[in-house]
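Engineer: I would like the entire structure built from these sequences, with the hints used as guidance.
Listed here are the chains, written in short residue letters.
Number of protein chains: 2
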Amino acid sequence: MREAFARIRRRLKRRQLDAILVTQPENRRYLSGYTARDHAINESAGVLLIPSEGEPYLLTDSRFSLQAEQEAAGFRVKLYPRGLFPLLRLLLKRHRIKRLAFESHYFLHSTSQTLAKLADSLKVELEPLTGFIEELRLEKDAAELARIERAVLLNEAVFQEIYRTLRPGRTEKEVAQAIENTMRLKGAERPSFETIVASGPNAALPHAVPSDRPLATGETIVIDMGLVLDGYCSDMTRTVVLGTPDEKTVALFRLVRKAQLAGLNSLRAGISGMAVDKIARSVIERAGLGERFGHGLGHGVGLNVHEGPSLNYRNRKPLAAGMVVTVEPGVYIPDWGGIRLENMAVVEKEGCRVLNRDTTFLEL
Amino acid sequence: MREAFARIRRRLKRRQLDAILVTQPENRRYLSGYTARDHAINESAGVLLIPSEGEPYLLTDSRFSLQAEQEAAGFRVKLYPRGLFPLLRLLLKRHRIKRLAFESHYFLHSTSQTLAKLADSLKVELEPLTGFIEELRLEKDAAELARIERAVLLNEAVFQEIYRTLRPGRTEKEVAQAIENTMRLKGAERPSFETIVASGPNAALPHAVPSDRPLATGETIVIDMGLVLDGYCSDMTRTVVLGTPDEKTVALFRLVRKAQLAGLNSLRAGISGMAVDKIARSVIERAGLGERFGHGLGHGVGLNVHEGPSLNYRNRKPLAAGMVVTVEPGVYIPDWGGIRLENMAVVEKEGCRVLNRDTTFLEL
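Taken in order, these protein sequences are the chains called A and B. 1 is the number of the first residue of the first sequence in full-length UniProt numbering; add one for each residue after it. 1 is the number of the first residue of the second sequence in full-length UniProt numbering; add one for each residue after it.
Hints in this document: simulated from the structure, not taken from any laboratory. Here a beta-carbon is modelled for each residue, glycine too, at the ideal position from N, C-alpha and C. Among the clues, some could well be false.
Claimed, not checked - Counterexamples of contact, computed for chain B against chain A with all Cβ distances above 12 Å:
(1) Ile97
(2) Thr244
(3) Asn315
(4) Leu362
Claimed, not checked - Computed cross-link-like contacts, EDC-like style, restricted to lysine to aspartate or glutamate with a CA-CA straight-line distance of at most 20 Å:
(5) A:Lys186 / B:Asp212
(6) A:Lys117 / B:Glu127
(7) B:Lys98 / B:Glu55
Structural biologist: Here it is in structure tokens:
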């Protein structure tokens with residue numbers, strides 16, 4: 001992360017900022033190695049204060065002091081027995097910080113009012129920033145890619161174990177719970193999002209919540225699952241059928257897979273997220289089902305399960321090598337069901353490398 | 001919740017506010033019955049717009065439309081295909097809202113900037129509020145108390161099942177994981193916070209994270225666990241010893257229990273949170289261990305596992321009947337271990353009702 005620091009400092013100086021307060025938990029972990037998680041945005045496990053010159057600080061409370069000291073190599077750990085602001089006052093004065101950036105997208109309005117009062121009393125100028133650290137996280141290095149790949153493969157191992165147990169009569173909720181238990185038993189930190197198991201008509205909702213509906217033969221069953229391993233996330237969707245899928249189902253599977261392959265085959269450094277989305281989407285549109293694919297094609301994955309870059313109609317920026325994205329086209333037919341197929345891939349200079357190996361129901 | 005609405009409207013009118021935007025997820029659920037959870041503060045499952053007159057709205061996106069319609073009785077569900085703000089513009093104009101409150105403590109600074117622009121263009125005045133809805137949630141009604149009690153009893157059933165399996169050699173992490181799995185298997189929605197299992201010297205940290213340390217005989221093992229059932233939380237701590245506790249351990253157990261009982265015996269409508277904290281704390285102080293009890297005595301529990309009222313040196317307000325609090329004194333001795341005992345109780349007009357029945361290691 002030494003390089004990330006050098007880049008942050010250069011970018012702070014370029015904007016004439018003396019320091020940045022880092023509150024977003026994954027940014028905090030990325031820069032410091034400190035793995036504690038916030039109980040909630042208003043129950044923070046700590047804040048980084050990174051000056052444009054001099055050593056960076058990790059500010060936290062006594063509950064986390066040991067963990068902070070052990071994990072945040074290169075950071076001075078300071079405790080705030082009376083809350084963040086008295087300590088911050090001290091450090092802003094000590095380091096003569098006159099222009100302070102903070103993470104506007106992970107800072108409560110109420111806290112920003114307290115910060116504004118402090119800044120006012122010290123004649124410090126505040127600069128709300130969005131995505132400043134996240135930009136550094138877009139391109140993953142080799143160590144990060146290795147972790148992401150392990151998270152992908154563990155997720156597939158869990159899927160395979162559960163897939164073998166699917167039977168008509170088991171409910172969506174039971175299957176989702178078995179998936180999340182198996183993740184933990186196999187060593188995942190936690191699911192990276194709430195597992196989706198959606199069968200029959202429920203599968204027509206892209207973000208269905210697992211219900212007490214029992215699985216039945218012949219219907220599509222969408223399973224969207226991911227886990228966190230060593231801080232990094234995986235995210236995969238498979239759609240399966242118990243028994244023999246009918247012709248309509250097979251035709252739709254092939255269509256969605258064709259769209260997915262079109263997307264994957266177009267992925268490479270330099271192409272925009274918008275263009276990749278369009279290439280995959282046009283496969284579904286040509287089949288007259290464009291209206292049935294109502295979400296973006298994919299999103300970045302890393303320390304957050306949803307991060308940049310987006311593969312959708314809004315992202316005009318070129319992708320870069322080392323970015324990790326999902327490619328997850330779907331078709332959703334009300335009162336019938338849905339099919340979504342999702343793999344993760346690393347963008348490379350010439351093309352991409354798909355991280356998934358599981359082929360269940362992909363080549364129907 | 002009809003009564004809560006009437007109270008909100010009265011309070012809005014008193015402050016000459018035309019409407020409030022409710023973003024805090026538990027406030028949203030409390031008022032609307034809508035149970036969807038935010039994936040994160042920046043991935044909201046919906047927002048309430050409650051005018052001081054006329055019907056309230058639930059604003060969400062198409063992923064949640066079905067659930068919103070099913071659950072939020074009395075609310076008009078409106079979808080925002082292009083994000084919250086275009087829809088909000090429409091509604092603010094339609095209802096001629098000129099003074100709009102929002103929840104400053106659950107509103108990102110970055111979102112508040114977008115809201116400020118919208119308000120500016122419509123000449124709407126914004127009023128950031130904190131705790132406006134939370135205040136209504138402090139005093140629980142009979143239906144809420146029944147749910148909380150069920151969450152407490154289920155938590156105890158999980159504890160008992162795990163307690164029987166504790167053996168020297170099992171690690172803290174294994175036990176914590178078994179607890180959380182058992183919660184789900186027994187029907188809990190999820191743990192209400194990350195389970196603490198801290199043994200030996202780790203038990204000297206009030207907020208220890210479960211480690212790979214194996215349990216050993218004779219040491220104190222602090223188990224702090226809670227679950228969510230039907231939206232409501234439980235929170236309980238037991239400290240146990242494998243084998244026979246030595247004299248020091250027994251003496252400290254008795255001291256902490258005495259402090260807990262002193263706190264519980266003082267709980268009643270009209271006493272302040274500060275006074276209850278002081279009464280329990282003085283038991284530990286008189287034993288010369290005041291410095292070893294470094295946190296507040298307790299906190300409110302409801303839809304959030306940490307909510308008002310606080311039992312600590314800052315809360316001068318009188319408690320009221322129907323409030324639910326934890327009473328959790330502890331002593332923490334560096335390099336030795338710690339003991340914390342936590343029960344939940346409902347404040348009543350004359351005294352309190354302890355919700356816990358489990359007595360494991362309480363009457364040593």
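Engineer: Which numbered hints turn out to be false for this structure?
Structural biologist: none
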